[in-house]
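A.B. asks: Now for the letters of each chain:
2 protein chains.
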Amino acid sequence: MAVKGTGAYNPENIFAKILRGDIPCKKVFENEWVLAFQDIAPKAAVHVLVIPKNPYVSFIDFTKTASEAEIAGVMKAASLIASDLGLEESGYRVITNAGENSGQEVPHFHLHLLGGQPLPPFPV
Amino acid sequence: MAVKGTGAYNPENIFAKILRGDIPCKKVFENEWVLAFQDIAPKAAVHVLVIPKNPYVSFIDFTKTASEAEIAGVMKAASLIASDLGLEESGYRVITNAGENSGQEVPHFHLHLLGGQPLPPFPV
Numbered sequence: 001m002a003v004k005g006t007g008a009y010n011p012e013n014i015f016a017k018i019l020r021g022d023i024p025c026k027k028v029f030e031n032e033w034v035l036a037f038q039d040i041a042p043k044a045a046v047h048v049l050v051i052p053k054n055p056y057v058s059f060i061d062f063t064k065t066a067s068e069a070e071i072a073g074v075m076k077a078a079s080l081i082a083s084d085l086g087l088e089e090s091g092y093r094v095i096t097n098a099g100e101n102s103g104q105e106v107p108h109f110h111l112h113l114l115g116g117q118p119l120p121p122f123p124v
Numbered sequence: 001m002a003v004k005g006t007g008a009y010n011p012e013n014i015f016a017k018i019l020r021g022d023i024p025c026k027k028v029f030e031n032e033w034v035l036a037f038q039d040i041a042p043k044a045a046v047h048v049l050v051i052p053k054n055p056y057v058s059f060i061d062f063t064k065t066a067s068e069a070e071i072a073g074v075m076k077a078a079s080l081i082a083s084d085l086g087l088e089e090s091g092y093r094v095i096t097n098a099g100e101n102s103g104q105e106v107p108h109f110h111l112h113l114l115g116g117q118p119l120p121p122f123p124v
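Chains as they are written, first to last, in the UniProt record's numbering: chain A, 1 to 124; chain B, 1 to 124.
Please keep in mind that the hints were generated in silico from the structure rather than gathered at the bench. Among these hints, one or two may not hold up.
Because identical chains share one entry, a pair is satisfied inside a single copy or across any pair of copies.
Claimed, not checked - Calculated pairs, EDC-like style, for lysine to aspartate or glutamate (alpha carbon to alpha carbon, straight line, at most 20 Å):
#1 K4 to E30
#2 K53 to E100
#3 K64 to D39
#4 K4 to E88
#5 K76 to D61
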């Protein structure tokens, strides 16, 4: 069920629970800006979710309200994680879904990091 | 034909030519950091490409070498363009392909901005 990409942040969403430690995750990386963990229903050989530690509903409010340092920090973290996972040479795809038309499922901003195999032709 | 997401920048790629004005584009938006234009083979009702004015092969070198201000500037521009295009309420998807496994076609970093209709289920 797709969610809206705007509006008030709901602290009961599943990623907020993961950030609080109420729900476990298969952690891949963590720094001051992000937590990254394996998607529970991977769509590729490597499918990692990179989420900011701060509460943003989607890319929309993240880009509107986060500081330059945080926006850069999150993007640099995604790139670093891909490198750590050995995806830099072979390549990878980064996707974010914002709001209903995109099929965003969890109302906490997240980047999908996909790779480890040739990915289906764009935009798949 | 997919390209590598790392290595030296080739100033003869098609987006470099668009930035120089050697090839026309259907411009949507421009500011100090980015140029945005319609994809010539749109995969959705709205399909805009957002590219930095500076020469980066892919998300990989962009995130490694651009300043925090530029990284934030490019991401904020993508969000602003989506808003200008009326996509904020209905939602949209942002994708970047980096390197061969992703199917990246032009070796100049670009964000695909897709919306204007319900998009195929993730990760399409």
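A.B. asks: Check the structure against each numbered hint from earlier and tell me which ones fail, lowest number first.
C.D. replies: Those not satisfied are hints 1, 2, 3.
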